[in-house]
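From first to last, the protein sequence lines are chains X and L.
Once you know that position 8 of the first sequence is 8 in the working numbering, the rest is easy, because the numbers rise by one and skip nothing.
Once you know that position 71 of the second sequence is 71 in the working numbering, the rest is easy, because the numbers rise by one and skip nothing.
One or more of the hints may lead you astray.
[Said to hold, decoys possible] No farther apart than 30 angstroms at their CA atoms in a straight line, the calculated lysine-lysine pairs in the DSS-like style are these:
hint	chain 1	residue 1	chain 2	residue 2
1	L	K53	X	K49
2	X	K104	L	K36
3	X	K61	L	K19
4	X	K61	L	K9
5	L	K40	L	K19
6	L	K38	X	K61
7	X	K104	X	K49
8	L	K9	L	K38
9	L	K53	L	K22
10	X	K61	L	K53
11	X	K61	X	K104
[To be verified] Derived coverage of chain L by chain X (criterion: at least 3 residues anywhere in the stretch with Cβ under 8 angstroms from a Cβ of chain X; other residues may be distant):
hint	segment
12	33-47
13	106-113
No wet-lab data here; the hints were simulated from the structure.
Glycine included, every Cβ here is placed at the ideal spot set by N, Cα and C.
Residues per chain are reported as follows:
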Amino acid sequence: AQSVTQPDIHITVSEGASLELRCNYSYGATPYLFWYVQSPGQGLQLLLKYFSGDTLVQGIKGFEAEFKRSQSSFNLRKPSVHWSDAAEYFCAVVSGYSTLTFGKGTMLLVSP
Amino acid sequence: DTEVTQTPKHLVMGMTNKKSLKCEQHMGHRAMYWYKQKAKKPPELMFVYSYEKLSINESVPSRFSPECPNSSLLNLHLHALQPEDSALYLCASSQGRTSSPDTQYFGPGTRLTVL
Numbered sequence: 001a002q003s004v005t006q007p008d009i010h011i012t013v014s015e016g017a018s019l020e021l022r023c024n025y026s027y028g029a030t031p032y033l034f035w036y037v038q039s040p041g042q043g044l045q046l047l048l049k050y051f052s053g054d055t056l057v058q059g060i061k062g063f064e065a066e067f068k069r070s071q072s073s074f075n076l077r078k079p080s081v082h083w084s085d086a087a088e089y090f091c092a093v094v095s096g097y098s099t100l101t102f103g104k105g106t107m108l109l110v111s112p
Numbered sequence: 001d002t003e004v005t006q007t008p009k010h011l012v013m014g015m016t017n018k019k020s021l022k023c024e025q026h027m028g029h030r031a032m033y034w035y036k037q038k039a040k041k042p043p044e045l046m047f048v049y050s051y052e053k054l055s056i057n058e059s060v061p062s063r064f065s066p067e068c069p070n071s072s073l074l075n076l077h078l079h080a081l082q083p084e085d086s087a088l089y090l091c092a093s094s095q096g097r098t099s100s101p102d103t104q105y106f107g108p109g110t111r112l113t114v115l
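Here chain L stands alone, though its shape is the one from the complex (with noise of 0.2 angstroms):
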């Protein structure tokens, strides 16, 4: 089972609004992944959980909050965002390897809506 689920499918805010996404796996991954993606682009990674540690922020904005309560579940927390903020944000999965190529497994994303 490769699985990598994320809810809701699709969320619409206000600039005001609080929210968030919720990726789970039940791979025994041990790092996940946020990314995002706008129309006709490739994904920009965001940030990177490894054994529930942060491992890498990609310089994102702090209205973009992320949380890993357990190793199965990755949130991302949304505060006052921007419109530009629009997109799809897929989260990952992955062994978490560190000495060997490690595989990343997607799920099929949240469209964000930013109004």
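Chain X extracted, bound-state conformation (with noise of 0.2 angstroms):
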């Protein structure tokens, strides 16, 4: 079965620093990867997705993900954090073409 594995359940980062947030995937065929962003109390934003193509995928807000299959990872990042970053980040796989399985999520925290 399919899974998804966030490591950190909480990562804090100073404004204007760089982030990365980890996301390794446990799927037997070709996955379809996707990075949602939730503002606490408000529904889920897509950031980006990987389907096929080039593995460096590049999204909304200043974020890129890149796709590393040898690694099984699909790692979020940004070159430089807003304070209106912080929220909870879910990578998430796609099996049966429309059926989700979310990470546990991870809670970031930007300080000043």
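Join the two chains, each given in its own frame, into one complex according to the hints.
Here it is as structure tokens:
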């Protein structure tokens, strides 16, 4: 069965510093991968997705992610974090083309 | 436009009440989803409608009753809920692809409190 692991429950980053959120997946076939962001009490917003092609994917809000098949990873990065980036981040893999399996999430805290 | 709307934003109900949550999208999507999300947890899938037919029911108790009146609307009828049903209820929609990966777009959610 497919699964997604986000090893970090919380991460604290200083404003202006770079960010990397880790995501590892377990899936037998070609994975279709997503990153979503959720602000407190809000819905999930799609940041980016990887289906095929270029393994470096650009998303909204200055985020990017790199798919590495050899490491079963799809890590999310941002070169300079803003206070408004503080939120919960979920990595997810889709199976059967439409069923999402989420990781447990990583809470990003941004310090001044 | 990738907007999914949900009403109400907040709902407080007693255990004997009957209420409904509503979800709407105008993106021409043919698949719609209900998720339940408890605090500090990822969303859990409850139901999937594909082309207005219920295709997935993740063993959800019958006190939750979904309805898809048309391709743009999705309702979740609530009756005799328990306090542990208090959660954020999220609706999502996607194109409804069956031969290639689909992308789900989420609404803002309804915060439900059961007293």
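Hint by hint, here is what the structure shows:
1. K53/L with K49/X: 27 angstroms, holds
2. K104/X with K36/L: At roughly 14 angstroms apart (the allowed maximum being 30 angstroms), K36/L and K104/X satisfy the hint.
3. K61/X with K19/L: 37 angstroms, violated
4. K61/X with K9/L: The given pair, whose Cα atoms are some 25 angstroms apart, holds under the 30 angstroms limit.
5. K40/L with K19/L: With Cα atoms ~25 angstroms apart, K40/L and K19/L stay inside 30 angstroms; holds.
6. K38/L with K61/X: 26 angstroms, holds
7. K104/X with K49/X: 18 angstroms, holds
8. K9/L with K38/L: Distance ~16 angstroms between K9/L and K38/L Cα, so the pair holds.
9. K53/L with K22/L: With a Cα-Cα distance of about 17 angstroms, the restraint between K53/L and K22/L holds, given a limit of 30 angstroms.
10. K61/X with K53/L: 36 angstroms, violated
11. K61/X with K104/X: 22 angstroms, holds
12. 33-47: holds (count 5)
13. 106-113: holds (count 5)
The structure shown violates the earlier hints numbered 3, 10.
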